[in-house]
Amino acid sequence: MVKEDGEDFEEEEEEDYRVENRGNISTVFSVISSVLSGFVRNWGCFRASEMLNVPSQSFPSAESQQRVSPAGQSRNKVALKPGHSLLDWIRLTKSGRDLTGLRGRLIEVTEDELKKHNTRSDCWTCIRGMVYNVSAYMDFHPGGEAELMRAAGIDSTDLFDQVHRWVNYESMLKECLVGRMAVKLSPAPQAQTEKTESTHVNGLSAPPPLRLEPLSAPLPAKDHRPRYDWFQTDATVNIVVYTKRKIPSSGCAVVDLQGETLRVEMLLGKMSYLLYWRLYSEVQGRVDVQTAHSVGKVQVCLHKSVKDKWTKVGQPLELHDTFTQCKDRGLFYRECVLVSKTEVTHDTQVLRLQLPPGSRMQVPVGRHVYLKASVQGTDVVKPYTPVDQTLIPPAQSSAEMGSDVHLMIKIYPDGVLTSHLANLPIGAALSVGGPEGSFTTRVLRDVTHLYMLAAGTGFTPMARLIRLALQDLTSIRKARLLFFNRQERDVLWRSQLEELCAREERFEVESVLSEPADSWEGRRGRIDACALQNLLERPEHSKCLVCVCGPTGFTELAVQLLRQLDFSEEEIHIFQG
Numbered sequence: 045m046v047k048e049d050g051e052d053f054e055e056e057e058e059e060d061y062r063v064e065n066r067g068n069i070s071t072v073f074s075v076i077s078s079v080l081s082g083f084v085r086n087w088g089c090f091r092a093s094e095m096l097n098v099p100s101q102s103f104p105s106a107e108s109q110q111r112v113s114p115a116g117q118s119r120n121k122v123a124l125k126p127g128h129s130l131l132d133w134i135r136l137t138k139s140g141r142d143l144t145g146l147r148g149r150l151i152e153v154t155e156d157e158l159k160k161h162n163t164r165s166d167c168w169t170c171i172r173g174m175v176y177n178v179s180a181y182m183d184f185h186p187g188g189e190a191e192l193m194r195a196a197g198i199d200s201t202d203l204f205d206q207v208h209r210w211v212n213y214e215s216m217l218k219e220c221l222v223g224r225m226a227v228k229l230s231p232a233p234q235a236q237t238e239k240t241e242s243t244h245v246n247g248l249s250a251p252p253p254l255r256l257e258p259l260s261a262p263l264p265a266k267d268h269r270p271r272y273d274w275f276q277t278d279a280t281v282n283i284v285v286y287t288k289r290k291i292p293s294s295g296c297a298v299v300d301l302q303g304e305t306l307r308v309e310m311l312l313g314k315m316s317y318l319l320y321w322r323l324y325s326e327v328q329g330r331v332d333v334q335t336a337h338s339v340g341k342v343q344v345c346l347h348k349s350v351k352d353k354w355t356k357v358g359q360p361l362e363l364h365d366t367f368t369q370c371k372d373r374g375l376f377y378r379e380c381v382l383v384s385k386t387e388v389t390h391d392t393q394v395l396r397l398q399l400p401p402g403s404r405m406q407v408p409v410g411r412h413v414y415l416k417a418s419v420q421g422t423d424v425v426k427p428y429t430p431v432d433q434t435l436i437p438p439a440q441s442s443a444e445m446g447s448d449v450h451l452m453i454k455i456y457p458d459g460v461l462t463s464h465l466a467n468l469p470i471g472a473a474l475s476v477g478g479p480e481g482s483f484t485t486r487v488l489r490d491v492t493h494l495y496m497l498a499a500g501t502g503f504t505p506m507a508r509l510i511r512l513a514l515q516d517l518t519s520i521r522k523a524r525l526l527f528f529n530r531q532e533r534d535v536l537w538r539s540q541l542e543e544l545c546a547r548e549e550r551f552e553v554e555s556v557l558s559e560p561a562d563s564w565e566g567r568r569g570r571i572d573a574c575a576l577q578n579l580l581e582r583p584e585h586s587k588c589l590v591c592v593c594g595p596t597g598f599t600e601l602a603v604q605l606l607r608q609l610d611f612s613e614e615e616i617h618i619f620q621g
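The sequence shown begins at 45 in the numbering used here and counts up one residue at a time.
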């Protein structure tokens, strides 16, 4: 089974699909995931600024973060007591209350000392060499006290990484910091960052960075490594990247021209190829990107400010000309402008974000980005899967691709970030990081029957997947979307889905409502074995793939039912948020 992080689902959507599931290790830090999307990229990368949910490059990795386990298990949430929301925790940490019990002192903690603090009222844990007193956090933990207690008195780094390595726990637990370990217990590998970060938390330096462990998967053969060349005219400088593989129609290039630096990243399946320079001379603020999809060539065009001759592109910066796994690549942000909001349903909007003139971001299908905004003086970050402007948008030239990002976002009245976005005026600035994710078109190779099970905003990764299947994949004989919602008014892009069904005979959509009106003539109920058995056809000599995205309970149940219907691990792909 392939697993991939997708949409960020709130508690409201979880209520319909809760499944009893005891003893799941992945829930230990579910609080930090469900309310925060943060990130620490290196042993020494401890931010002094207050930031929640800053995700890391490991967010899409197969062994971490919000993923349904190989046994189909996933994290559970518990109902929090009134007054124990994310905002309540933020208020508590800013109240001046002593959450460590040390009255502001920072100490070095030995392994023996850490083991002593393993009770509900006195609970310490260690993450990446830093020790936190999480006793006050027990009642704020959506995963429940029992799950958090599994980290009591131990180095929980590995446990934490199995679930939410991308979470910026050091900001979340800043006021709970006891000190650092005198001797590091069980370090987890951390990826290198591409920027110099603060190496202190509350004035305490973090343990020194450790040498990275070998990558979990071997790099491609040397002759598969991309390469680049460059040439110039009187007015332009052109960097040409030869990826040595066919590029999907959605593109793969992420280009950021910021001041005198140029960062060019190629997202090639699970691999990332990076070029990074301080430019030789001044250029204009805009950048053009052309992609030759069939031959795997990408050309980035810079416009000289002065028509002089360059002797080189520039001075290589850290990690320039490197080819590594995407999950080991540092996260990069650029500031975008909110240019429009389009209503999709009564509680869902599409936000159109315009990238700076010097940025182009061609988000591969199935990948997500991170949206960062300041809420009550704290940076909050959450992952969202981009969609196209419409289900089947008009064709664009490769030069036009990647200038905007469209995010379909459900607004929750009590949501920390979404309620802020709902009130954000046009023209406001928002930071967008990424893209990230491990979904690759390789899983679609030779697939004849593509089935998509989506609940609510779990539709978002499916939207671009539908387009990819119908426009790029000649092997696809049938693409069927099973779309689960509460009421008719909740069905996203309903008219566009119906129009696409009428235009494309290979595409079908089946809407299933759990709270339908009496006039509803379609399917009723929730996901069950009977419905799946009838709708997931498996003709002889066919190759099937079932993609699943929705609230955790929905995903758990869907995977369980698919296995009962004898779908193999290779035939199931999970977008889990």
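Hints are computed from structural coordinates only; laboratory data are not their basis. It is possible that some hints are incorrect.
What the hints assert, rightly or not - Simulated restraints on C-beta separations: (1) Thr154 to Leu131: 48 to 58 Å; (2) Arg570 to Asp490: 25 to 35 Å; (3) Glu532 to Arg149: 52 to 62 Å; (4) Asp490 to Gln604: 18 to 28 Å.
Claimed, not checked - Lysine to any residue pairs mimicking SDA-like chemistry, simulated, CA-CA at most 25 Å apart: (5) Lys125 to Lys138; (6) Lys341 to Val419; (7) Lys290 to Lys125.
Positions of the beta carbon are idealized from the N, C-alpha and C atoms, including for glycine.
**Message:** What's the verdict on Lys341 and Val419, does the C-alpha distance respect the 25 Å limit or exceed it?
**Reply:** Violated: Lys341 and Val419 sit about 41 Å apart, past 25 Å.
**Gln604 and Asp490 - C-beta distance against the hinted 18 to 28 Å** = holds, 27 Å
**Request:** Return holds or violated for the Cβ distance of Glu532 and Arg149 against the range 52 to 62 Å.
**Result:** This hint holds: roughly 59 Å between Cβ atoms.
**Holds or violated: Lys125 to Lys138, with C-alpha atoms at most 25 Å apart** = holds, 20 Å
**Message:** Hint check: Lys290 vs Lys125, CA-CA at most 25 Å. Holds or violated?
**Reply:** violated, 52 Å
**Item:** Hint check for Leu131 and Thr154 - Cβ pair distance inside 48 to 58 Å
**Value:** violated, 36 Å
**Request:** Indicate whether the distance between the beta carbons of Arg570 and Asp490 respects the range 25 to 35 Å.
**Result:** holds, 32 Å
Hint check: violations occur at hints 1, 6 and 7; the rest are consistent with the structure.
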